[in-house]
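The hints should help you fit chains B and C onto chain A, whose structure is shown.
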Amino acid sequence: MKTVTLNTGDLKSQEYFLNMGPQHPATHGVLRLILTMDGEIVKNIEPDLGYIHRSIEKQCEYEGYKQIIHLTDRMDYLSSHINNEAVALAIEQALEIEVPERVKVIRTIMGELTRIASHLLWWGVMGMDVGALTTFMYAFRDREMINDIMEETCGARLTMSYSTPGGVMFDLHPNFQKRVKEFIPHLRSVIPKYDELLTGNVIFQKRMKGVGVLSYEDAISHGASGPVARGSGVSCDRRIKDPYSAFKARDIKFNEILFTEGDNLARYNVRMKEMLESLNIIEQLIDNIPDDGIQAKTKALIKLPKGEFLQRVETARGDMGVYIVSDGKKNPYRVKFRSPGFSNLNALIEIGKGHLIADLVAIMSTLDFVVPDIDR
Amino acid sequence: MILTNTTNYFGDLVSFLAEKMGIGGQILAYVIVAAVYLGFFAIAGLLLVYIERRVAAFFQLRLGPNRVGPHGIFQTIADALKLLSKEIFGTNRKDNLLYTTAYYLVIIAALVSLSVIPFSIGVQAYDLNIGVFFISAVSSVGVLGILFGGWGSNNKYSLIGGMRSGLQMISYELSSGLAILTIILLAGTLQMSGIIEAQRDTWFILKGHIPAWIAFFIFVIAGTAESNRTPFDLPEGEAELGAGYHSEYSGMGFAYFFLAEFINMFIIAAVGVTLFFGGWLAPFGITDTLPWQPLWGAVWFFLKVAVFIFFMMWFRWTFPRLRIDQLLTLEWKYLLPIGLLNIVLMAVIVYYNVLISF
Amino acid sequence: MMTNNDIITSLQKSFPNLEFNEEESKYLTVNTSPEDYLAVMQNLREAGFDYLFSMTGMDWGKELGVTNHLENTQTGTMVVVKVKLEDRQNPELPTLENIWKTAHLHEREIFDLFGINFKGHTVMKRLLLSEDWEGYPMRKDWKDETKMIIR
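Protein sequence lines, in the order shown, are assigned to chains A, B and C.
Per this note's numbering, the first sequence runs over residues 998 to 1373.
Per this note's numbering, the second sequence runs over residues 237 to 594.
Per this note's numbering, the third sequence runs over residues 1451 to 1601.
I should point out that these hints are in silico values taken from the structure, not numbers from a laboratory.
All figures in this text were calculated on a predicted structure; none of them were measured in a lab.
Heads up, some of the hints might be wrong.
To be verified - Selected chain A positions facing chain B (in silico; Cβ < 7 Å):
(1) F1137
(2) R1138
(3) G1197
(4) I1299
(5) P1302
Stated by the list, open to error - Derived coverage of chain B by chain A (criterion: at least 3 residues anywhere in the stretch with Cβ under 8 Å from a Cβ of chain A; other residues may be distant):
(6) 291 to 303
(7) 434 to 447
(8) 553 to 563
Here a beta-carbon is modelled for each residue, glycine too, at the ideal position from N, C-alpha and C.
Isolated chain A (complex conformation) (with noise of 0.2 Å):
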């Protein structure tokens, strides 16, 4: 152990090592932080990743097309239709195959039910993280209603792998639009009751404004994206800046929420007011779902032209970019997800430092990760 010596007099200090995690209550999962702590200050940080660390990248080197998506379920698992969109849709932009509309509407619909339900999971743990614990439960109550729609037409509650190259999997559920519809007047009635139990709450406020502040320039520096990129007013949303899906074939109104003060009240409030803006796309989209068809032709076995294809997408935690590089096999040369946790982690060893760690737990909470999402 480095010790430092502070002219304090008699009086020795010294910093000191602190193991967070893998097995932490406030990492959300396996992550690692080795802190380097005064007292309560923390001083620095090094994030040691790599405890559910599967490969998954080498492992699509060595499985077809097809399988891939199943694969980056496995990844950000909140967002995980999100993440099987983006991979299908670069397998579709490399065969340049024109999907089905119902299929693009089908797409964001069950896409920003996903991105609800991963910031439901995170408003319930942020409460968690600053010690108001009845917040776990109301979301979870709320998140189950999205999770139940997913099932019916899925067969799958979290890793849905509902998206495959030039469709998706199944057609919807005859129920389908109907629980969406009775879906969203009941969390656009809960949301202010989530607000009046945490968000106007005195403490949480001290404990959220000005704390963990992100500025612009570092903001993209850090290569923040999604919420934690415009909290602190950076545009960044790929819906608007790059459309895909239903998003590029229909005109879909809607805000891109932009904070700038950047600090985990700012980050909290662009997640709170996105889930009504999603409520906003997928009513824009639930009552004129189009009938043709829910797959385009594609071949038994996918072979991609060669060359280079990128595909980017806004899952709930950012810009999340898959990058394929084909040879003309039937197995990519090589994969690399962009995962927007990674580069977000990054901009944690930055703000999170001179804080004390009851403000480092509230940061990551802000940040919100997800742990397979940062190692893959």
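Chains B and C only, in chain A's frame:
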């Protein structure tokens, strides 16, 4: 104003047995009293855990324990049995003396504090003439236990938890002490039964005008902090520190810490009720003419305590946790100066005798 | 809006021997030598490419290298910068940490999986794998002796 001629059932028991059987009888009487208190301690602790879980479930749209026994009331007993049968499992790099004395200190402090609390007319193990002072003195010993546990576990998370606890409890003891002092000015005695007797016409919360209300709020905040409950559960702070000072304890060692927390909550509520809401006195004396006075006293006392505890549980399940610097700011910059001013205000009110009474 | 030709002309002024390619993907690809790498990246950063989207370690069989995806957050233009290293034994590149902070973790990951050493990086240690791991598993010549990944 020291009351010496009131009945005290425990005192009567001791003198009765001492008269009949000499010194042996006296010891037997002490043992009986201790057993009664230990039994009460265990039952109250388990019941409070059960209530906490049901209240939590109520706030969280869940059901809570509802399988073992009617409405699940035996769930906590089953849990206690499980904890009893568990292996005592901890780190082997601990400071053995501190590690093992820690939970005894915590539990003894809680148990001893109970002895001066008047549950009803004459139902009080020892009516000490400095009762309130005794409680705040003894509850400081509990801090020592938590500090010992945090230090002796040889775990950095425990250490941070223990240090936080020391910081927090020593700070908030000042405020709760000042709030108690404000009421002592009104009562003119430190004796618990005397304080209740002084409220026979009007409860202090009403008698003392605004200063009594301020003192009450300070007491609630400081009391919640002293019992280490959310929003002041920093020593445990499970999101940050795992389990804080009791991370390295298992089985009954852990259960002692756990039970002591609930008993401390009960003690805070009991002291609050005694100081501000007339203890076992019935509101407007509505049951004063009925027979079985001690029973009615107990009913009112536990009813008031239950309301108090419900509020503390309400805080716990709806508030986020404070940060350590905010916690200290709250105490040293707000509560303590307000508490000091409040005492002066109360002194003026008592001096000019502008009290409200019905 | 900056077109690909603008980027090419501005880069060719300072680096005459860069190779450009617009067929490989939908973005402009710049192939640079390890010697020019840092200067090219610095140049692009000053030209407004402020967002390092990703750094991808590559093994092209003969050469190792890095593919960088850069984005201009104002215009949305993207450019791909590729750098290839002939030396498979001791591949070395300068670090981009001082230009884009996000390079910190990305470079550690590439070091971990491909064994490319980034000179000047503050913490050049393994990130995902354990410290005592031997070899660099994302390289094409890595032997999966325990059948961990390849069935």
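Hint check:
no. : hint       : in the structure
1   : F1137      : violated (10 Å)
2   : R1138      : holds (6 Å)
3   : G1197      : violated (11 Å)
4   : I1299      : violated (45 Å)
5   : P1302      : violated (50 Å)
6   : 291 to 303 : holds (count 5)
7   : 434 to 447 : violated (count 0)
8   : 553 to 563 : holds (count 10)
Hints 1, 3, 4, 5, 7, counting from the list given before, are not met by this structure.
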